Each structure stands twice: as structure tokens, then as C-alpha cells.
Amino acid sequence: MNNISENNLETNSRRDFFKKTAAYSVSAITAAAVLAPSKLLADDENITHHTKWGTTLGDELNKHPYGIPSKYEHNIVRRTSSLMSSAGDMHAAVSMCPLHELEGIITPNGLHFTRTHNGVAHVDPNKFRLMIHGLVKKPLVLTLDQLKRYPSETRTLFLECPANGAAEWKGPQFNSLQFVKGMMSNAEWTGVRLSVILDDLGLKPEAKWMLAEGSDGSEMSRTIPVEKVLDDAMIVWAQNGEALRPEQGYPVRLMLPGWEANLCIKYLKRLEFGENPWYCKEETSKYTVLTASGKAIQHFYPLEVNSIITSPCPEKPWTDVQKGDLVEIEGIAWSGHGTISNVDLSMDGGKNWFQANLKGLVLPKSWTRFSFMYRYEGKPLLLQSRAEDDSDNIQPTVNQEKAVIGVEGVYHRNSICTWEVNDMGEVNNVQVRS
Amino acid sequence: MFKLDHKSIVITAALVASTTLFTGCFGTSNIAESYNGSVDALDGGVTYPRENGIETAYAYNTQDVSGVNHGRVPTPNELKAWDADIMPDGTGLPEGSGSVELGDELYESQCASCHGEFGAGGKGYPTLAGGSLDSLTNQRTAPGMDAPKRTFGSYWPQASTMIWYIRDAMPYAHPKSLSNDELYALTAYLLNVNEISIDGVEVDDEYVLDREKFLKIKMPNREGFYPNIDGPNGVENVRAFFADRPKNIGAGTKCMEDCKDPNILDGNKEATVMRIGMEISNVVPAYSTVRDLPVEAGTSAKSETEKLYDANCALCHATDAMGAPAVGDHDTWATVVAQGMDKVNSNAINGFGGMPAKGGNMDLTDAQVIDIVKFMVDSSK
Numbered sequence: 001m002n003n004i005s006e007n008n009l010e011t012n013s014r015r016d017f018f019k020k021t022a023a024y025s026v027s028a029i030t031a032a033a034v035l036a037p038s039k040l041l042a043d044d045e046n047i048t049h050h051t052k053w054g055t056t057l058g059d060e061l062n063k064h065p066y067g068i069p070s071k072y073e074h075n076i077v078r079r080t081s082s083l084m085s086s087a088g089d090m091h092a093a094v095s096m097c098p099l100h101e102l103e104g105i106i107t108p109n110g111l112h113f114t115r116t117h118n119g120v121a122h123v124d125p126n127k128f129r130l131m132i133h134g135l136v137k138k139p140l141v142l143t144l145d146q147l148k149r150y151p152s153e154t155r156t157l158f159l160e161c162p163a164n165g166a167a168e169w170k171g172p173q174f175n176s177l178q179f180v181k182g183m184m185s186n187a188e189w190t191g192v193r194l195s196v197i198l199d200d201l202g203l204k205p206e207a208k209w210m211l212a213e214g215s216d217g218s219e220m221s222r223t224i225p226v227e228k229v230l231d232d233a234m235i236v237w238a239q240n241g242e243a244l245r246p247e248q249g250y251p252v253r254l255m256l257p258g259w260e261a262n263l264c265i266k267y268l269k270r271l272e273f274g275e276n277p278w279y280c281k282e283e284t285s286k287y288t289v290l291t292a293s294g295k296a297i298q299h300f301y302p303l304e305v306n307s308i309i310t311s312p313c314p315e316k317p318w319t320d321v322q323k324g325d326l327v328e329i330e331g332i333a334w335s336g337h338g339t340i341s342n343v344d345l346s347m348d349g350g351k352n353w354f355q356a357n358l359k360g361l362v363l364p365k366s367w368t369r370f371s372f373m374y375r376y377e378g379k380p381l382l383l384q385s386r387a388e389d390d391s392d393n394i395q396p397t398v399n400q401e402k403a404v405i406g407v408e409g410v411y412h413r414n415s416i417c418t419w420e421v422n423d424m425g426e427v428n429n430v431q432v433r434s
Numbered sequence: 001m002f003k004l005d006h007k008s009i010v011i012t013a014a015l016v017a018s019t020t021l022f023t024g025c026f027g028t029s030n031i032a033e034s035y036n037g038s039v040d041a042l043d044g045g046v047t048y049p050r051e052n053g054i055e056t057a058y059a060y061n062t063q064d065v066s067g068v069n070h071g072r073v074p075t076p077n078e079l080k081a082w083d084a085d086i087m088p089d090g091t092g093l094p095e096g097s098g099s100v101e102l103g104d105e106l107y108e109s110q111c112a113s114c115h116g117e118f119g120a121g122g123k124g125y126p127t128l129a130g131g132s133l134d135s136l137t138n139q140r141t142a143p144g145m146d147a148p149k150r151t152f153g154s155y156w157p158q159a160s161t162m163i164w165y166i167r168d169a170m171p172y173a174h175p176k177s178l179s180n181d182e183l184y185a186l187t188a189y190l191l192n193v194n195e196i197s198i199d200g201v202e203v204d205d206e207y208v209l210d211r212e213k214f215l216k217i218k219m220p221n222r223e224g225f226y227p228n229i230d231g232p233n234g235v236e237n238v239r240a241f242f243a244d245r246p247k248n249i250g251a252g253t254k255c256m257e258d259c260k261d262p263n264i265l266d267g268n269k270e271a272t273v274m275r276i277g278m279e280i281s282n283v284v285p286a287y288s289t290v291r292d293l294p295v296e297a298g299t300s301a302k303s304e305t306e307k308l309y310d311a312n313c314a315l316c317h318a319t320d321a322m323g324a325p326a327v328g329d330h331d332t333w334a335t336v337v338a339q340g341m342d343k344v345n346s347n348a349i350n351g352f353g354g355m356p357a358k359g360g361n362m363d364l365t366d367a368q369v370i371d372i373v374k375f376m377v378d379s380s381k
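The listed protein sequences correspond, in order, to chains A and B. Note that our numbering has the first sequence beginning at 1, numbered continuously upward. Note that our numbering has the second sequence beginning at 1, numbered continuously upward.
Simulated from the structure, these hints should not be mistaken for laboratory data. Remember, predicted model here, so these are calculated numbers, not experimental data. We put the beta carbon where it would ideally sit given N, CA and C, even for glycine. Honestly, I wouldn't trust all of these hints.
As the list claims (entries may be wrong) - Straight-line alpha carbon distances no greater than 25 Å define the calculated BS3-like cross-link-like pairs of lysine-lysine that follow:
1) 216/B to 295/A
2) 359/A to 316/A
3) 379/A to 260/B
4) 218/B to 286/A
What the hints assert, rightly or not - Pulled a few chain B residues facing chain A out of the computed Cβ check, cut under 7 Å:
5) 31
6) 47
7) 59
8) 62
9) 73
10) 76
11) 88
12) 101
13) 102
14) 171
15) 220
16) 233
17) 235
18) 238
19) 240
20) 280
Unchecked claim - Residues of chain A clear of chain B, computed beta-carbon distances all greater than 10 Å:
21) 45
22) 48
23) 91
24) 316
25) 326
26) 378
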């Protein structure tokens, strides 16, 4: 059964050889580097033996009417920390997106970061109603089916909690990409532009603000300027081609492209237009940025230009990369102010910079991938990325942000992150600051 | 002639500058620029034109959608039921009254388990009292320094926010369950523990709060926020705030070589690498990027009996350190079982030697104890 000839093995590249002998001792690898590879080739059982899955019948295809990932991928999950909750209570907490395992710019729905203030609500779509009223000529009540009758548009947008990275104002605390920047995700959202509905309702000119209110136990509410509502706000009911997940506000949430995810009210129930702001709990007691002056910034809507290197990162180090290997440095850049126009990289903690390449779709208010091929020298590095957008924003250093805000702002931290790559290829979260 | 030359020099310089700018973006083919955005959004960002069926990278349906309408007008009762938000000017504020004394009782029974005695916090839920305006300038730039204390009394700009939030979102496990009088009582209690006076009158234990008095509350940190969003200029103040982002929220600088961080004020002070001091690593599930077979569901999902074993018996029986037969110890349990199961069960129910009856938990039924013994025996075969 296993009569695979030596000749077949010899066609394998030297590169494959290294991969397959990853478990060998360091001395064996050193020896391999010296001797001709053909003399040392060990048979890889994964090639010389038939596999279990190749010699047995697989599952029936209808085993999972709604598909699930391979059982080998069970570590690719959202993670929580009792620090980011009230006393470990997972009704009012946040779960972090595993950014280190994501590819491209779409976050699978089961991995989308989640923040809840009173648990994940389960809204009955048949009992869902949306009310729009206040300073409009014609107030409105819609069922879910009626709402979905409006013409839809689809946009790929990021959602980020403004507290993303909040644990690190005073210094690095988590040695993990997932916990340093995982309070965000990026998805394709489908719904109706709010301006289309309002066109028929007749918004009165004195309407300056809109209250958006959710129907869950926290009755989440926020005040939003009408100017944003008319620019690009949407009411969305679909996420990556299917209904919103309950964690993301099923059946309907507000979507304000580029603005705080907290403003994008989940389990949406009511929109009221008025002349004055409402002073909701989550725009006063929380989601305000206390500065060193003792005064706090309120109504701080957009997520500022930002970026993070996703490979390498603490979870995905370069410990298996050999000196001389050409490796890809990859990352994500995003800006709530517009579209990413450029990303620069530094390997010496911000003293010298060079340009990275953008790759894939470059969309407004969406994650944008960047890439740089690097010849690994085995020397320690201080890796940084610095993003720019088309409204002339440049991502600040830790010191530049600290000089304006201080260290107690909690929210809207977008300063440059640093991964320290040590001489073993291990990656640690550090900060360059004074 | 000189003037002309001068002008051409300026133009050349401008050209060089713009070339440099473009070079900065060269290689990325500057897709962002092709979207023709204008930097005129309220937040200081870009708005994009919708023209000829194209908006940035997206196509859209150019057919006229005006006149599309669905749904119906809400009834007056429906509006009354949902339009119940409470605003700083008193809009939506219900009629009712409640005393600090009643609020104290309600707080003790429904709030203190999370928010602590007198709103002092605890267990990680929000602290409701004990802050101070002075603390808001605290900056923890070194270990051991005090944090700013952002509580209802020291931080919140409007009292309406609190009464609205309590009515709709509290008590945590059963929101929207308080009567209007209870709502005023709890709000009165929070004013009391935050030492907030109304119209010069201390909100003491005897105080009774009602709608009229509530409207006179002035929150200590009312002026603690910017930009000013109130009045007819509110939105324009927001626009002005975001227009000066380097000053108001911080911005980076474009530097490519030999860059010095401009915010290192002391010329001799170099930025240094700060490493993690105390790593926060208690995450759930634990960090892992391994692609292996998951732990079988059967071993992670515990039976009710196993949970009872964990709660009542494992303390002594998990190891033989306490002199009790250790679960999993095949030989010892073979000796135990040799007595006959009736005897073993009887010992477990009634106590034997150093072992208390039912492991010390008299709430267990005999049947439960027998199930647990069976689990322990089976786990030791």
C-alpha cells in the first residue's frame, strides 16, 4: 500500500523539507543546513501513509444544516477577560475578536466582537416595531417586513468600540493582538439609508439631533447629529449576507459609518428627531473622554485613523522563521474619517519609516489591509505601523496622543502600537513612550 | 523680471512639494484620492459624492426613490408608550414623589449587592458615590497614584440622565419594574449619598423628592464637558472642535528619517521602550493557536451528579491527603466496594469514621448520595 518510491520524495523542495522537520532538534536543522538535503530526507508519514480521512467515509452532507468550522479550528474564538466586565458578569461585558486569525477584511459573523450592556437580547422579529417620530411631518411605525421593503444598499464597514485599547493608556498590559485591538470587526452590512425613509417623512428644518433607542434591557440610547443621519447613516438588517446575529442587534441596528459602535444602536426600536441633545447615560457617564485638564470631551463620534500589524503579533510570532527568509509583514488600517491613503512602517520604534503596500479592497470607513515583504535578519526589531487617511489625519505616537489627552481618557485611543520582535523571533507588546 | 523669476521659483517649489506629496503615496495608486471626497463632514472627515450611479467604490441604483413609503402613522397611545425619554428640561419627567428613607430601603434590597453599600462600588460594578470634582484632574502617570473618580455626583452633567436610566435599565436583572414613586425615592437616595443639595437644601434622610424639586437640581460637574452641544450653536461647536484635531484630539506627523518624537519636551529625554509590567493573562478561553482535536464534549459537560460530587465530596475525595479514598484510585476503591454496595451507600448516607453524614450536606437526598457514590465508584474502576 505504501510503496511510494524514493524518487517521488526527491522531487520535494528544500523549503518543504524544512517545514516537515520543524519538530526536529535544532542540531538536526543545523546539520541539514550544512549537508545536501537529498542525503538527509526523512520520510514524512503524512505522505508515505494513507490518511484516516482518505480511507473512511466522511460525514453525511446534511449533518450540519447550518455549517460550522472544522473541529480543528476550535481555538479561533472570541475571548473575554473578567477585567473587561463587571465582576466577571458576562451580561455587561465585551468579547474580543481574534484578529490574529482573520484573513482579508471580512469578519465571520460568529467571530464579530460583541459588547452588551444587559446581555444578548433575543428580539422576536414578529413583534419588532420601529417608530420614527418627533420633528417630522409624518411619524411612522414599521414592521420588519415593511422596513425591508425599502430599497437596500450594502456597505463594507468596520465597527469599533471606542474603548478599543483602553487598557493600555498607562502602558502595555496584554501580550496579545486579540486583547490589544480586538474590540473591532469589519463586515458587509445591508440595509436602507435613513435619508431615503426621511425623504418621505418630511424632516422639519429645526431638527438638529436624533435620539436612537434600543429595545433591550439596557434601553441603550444615544444622541446623533442630523447632519450625520442625512450623510451616510443606515438602518441595517443583514451582516455578511445573512440576518444580523443577536450579538449584533438582531433584527435591526443603526449603522453610522466610521463612528463609535456604541452609537450604532442595536435592537433598534425608536428614532426621535429634536432640537436639543438628550444627554443619554452612554454619552455622559461613559463614552466621554476625560482629559488631564479635568474636563471631558463629549460627543466624540468618529474613530480616528488607526492601524495594527497583525503578522507578526504575540500570538503569531516569527519563532519558526529562519534568518534570510522572506516574510510578509501584514496588518489592518482603518479610519472613521474616510479612506486609508497610506501606511508607513518602522522597524526601529519610530525613528525611520518606509512605505507599506495597501492590498485588496480600499474602501471608506473599512479595514484596509497593508503588506510588506521583509528579509528576516534574526535581529531584534521594534515594529510599528502609522496610517494616514484622505482627510489628512496621521496616526499619532503614544506621546503625541498623551500630550493632548493625558492617560485617563479611556476612550478613543488610536496611538501607534509597537511589537517588539526579539532575537528568538518572539513578539511582545511594548510601548515607545516617555 | 525679478518678480517673474521669484514667482516661477515659488511655483517650482510648490510643484516639488506636491510631487513629494504624491511620491509619498506612490505605489499605492492612491485609490482614496480617486473617490473625490471633500473634507467637509461634521466630524472633520470626508464626505463622498454620489454621482452618476457611483459612490466611492460602490455602484448604486440611480432610479428615483422619492415617494417610496411603507408602514403607518403611530396612534397617540403608541406614541405615549414609547416617547417617554426624560430630557434635561424636564420633558418626559413623570409625576411622583419618594423619600430618601424609602430609597435607602430600595437600594439595600435591589442595588447594594452590585453597587455596594452607599453606592461605594464593589465587585466591579459602577461606583455611584464617593467621587469628587477635584479628583477629575488625577492622572495615574506612575503606579500607586489615585484614579479620577467619575461618579454620579462628581461627573454626570445632568440629573435627568440618572432618573431616565434607572427607570429604563435598572434594576439590572429586572429593568422597568420600578414605580414612579420608587424612582424618585431611589434618585433621592443617590442625591443623598452624593451629598448634592437642591436649591440650597441638603438632601438629608428626611428629604422627599418630587418632580418640582427634581427640576431644580444643578449637577456639580455641569460645566465639565466640551464642546458645548447646547443651544442653537451646539452642532457648530462640534464642527469647530473637530476642525482643529491636532489641538483637540491629537495628531501624528509625517516624518520618514531620523524622526524625533515631537512630544518629548525635555530635549535630552529619549523615548524608551516600556514593557508589560503585570501581564493580564486570565482570559477565557485560555490563549491558544493550536489546531488539534478539541476536548471531547463528554468530559467538559459535567453531569448533575458530578457537579454535586464537586460541590460536596471532592474537597476530601479528590486526593487521599485527607485519609478518604481518592476517586480514581482503583485498588483502594476495589477494597471499599468489596464490602458490598449497600454498606458503602449506608456509610455515605449516615457517616463513617471521619466522614460526616452525606458529606456534611444534609440538603442532599439519599438518592442523590447513592448517585454520587456510583459516580465515584465508576470513576475509580
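Hint check:
Restraint check for residue 216/B and residue 295/A: the C-alpha separation of about 23 Å stays at or below 25 Å, so the hint holds. Straight-line distance between C-alpha atoms of residue 359/A and residue 316/A comes to about 20 Å, which keeps the hinted pair within the 25 Å bound. A C-alpha spacing of about 23 Å is found between residue 379/A and residue 260/B, which places the hinted pair at or below 25 Å, so the restraint holds. A distance of roughly 20 Å separates the Cα atoms of residue 218/B and residue 286/A; the hinted pair therefore holds under the 25 Å criterion.
A distance limit of 7 Å between C-beta atoms decides the matter here; for residue 31/B the minimum to chain A is near 4 Å, and the interface restraint holds. Interface hint at residue 47/B: satisfied, since its Cβ lies 6 Å from the closest Cβ of chain A, which is below the 7 Å cut-off. Among the interface hints, the one on residue 59/B is violated; its C-beta lies about 10 Å from the nearest C-beta in chain A, farther than the 7 Å criterion. Residue-level restraint check for residue 62/B is violated (minimum Cβ-Cβ distance to chain A is 11 Å; threshold 7 Å).
Nearest Cβ of chain A to the Cβ of residue 73/B: about 6 Å, under the 7 Å cut. The hint holds. Hint on residue 76/B is violated. Least Cβ distance to chain A is approximately 10 Å, over the 7 Å limit. Taking 7 Å as the C-beta contact cut-off toward chain A, the hint placing residue 88/B at the interface holds, the least distance being around 5 Å. Residue-level restraint check for residue 101/B is violated (minimum Cβ-Cβ distance to chain A is 26 Å; threshold 7 Å).
Evaluation of the residue 102/B hint against chain A yields a violated restraint, the C-beta minimum of about 23 Å exceeding 7 Å. Interface hint at residue 171/B: violated, since its Cβ lies 10 Å from the closest Cβ of chain A, which is beyond the 7 Å cut-off. The beta carbon of residue 220/B comes no nearer than 12 Å to any beta carbon in chain A, farther than 7 Å, and the hint placing it at the interface is violated. Against a cut-off of 7 Å between C-beta atoms, the interface hint on residue 233/B is violated, since the closest Cβ of chain A lies about 10 Å away.
About 5 Å separates the beta-carbon of residue 235/B from the nearest beta-carbon of chain A, less than 7 Å, and the hint is met. The beta carbon of residue 238/B comes within 6 Å of a beta carbon in chain A, closer than 7 Å, and the hint placing it at the interface holds. With a least beta-carbon distance of about 12 Å to chain A, the hint placing residue 240/B at the interface is violated under the 7 Å criterion. For the restraint placing residue 280/B at the interface with chain A, the shortest Cβ-Cβ distance is roughly 5 Å, inside the 7 Å limit, so the hint holds.
Every beta carbon of chain B lies more than 10 Å from that of residue 45/A, the smallest distance being close to 17 Å; the non-interface claim holds. The non-interface label for residue 48/A is consistent with chain B: the shortest C-beta to C-beta separation is roughly 22 Å, beyond 10 Å. A Cβ of chain B approaches the Cβ of residue 91/A within 10 Å, the least distance being about 8 Å, so the stated non-interface status is violated. Residue placement check: residue 316/A does not keep its beta carbon more than 10 Å from all beta carbons of chain B (closest about 7 Å).
Listed as a non-interface residue, residue 326/A keeps its Cβ farther than 10 Å from every Cβ of chain B; the least gap is roughly 18 Å. The claim that residue 378/A lies off the interface holds: its Cβ sits roughly 19 Å from the closest Cβ of chain B, which is beyond the 10 Å cut-off.
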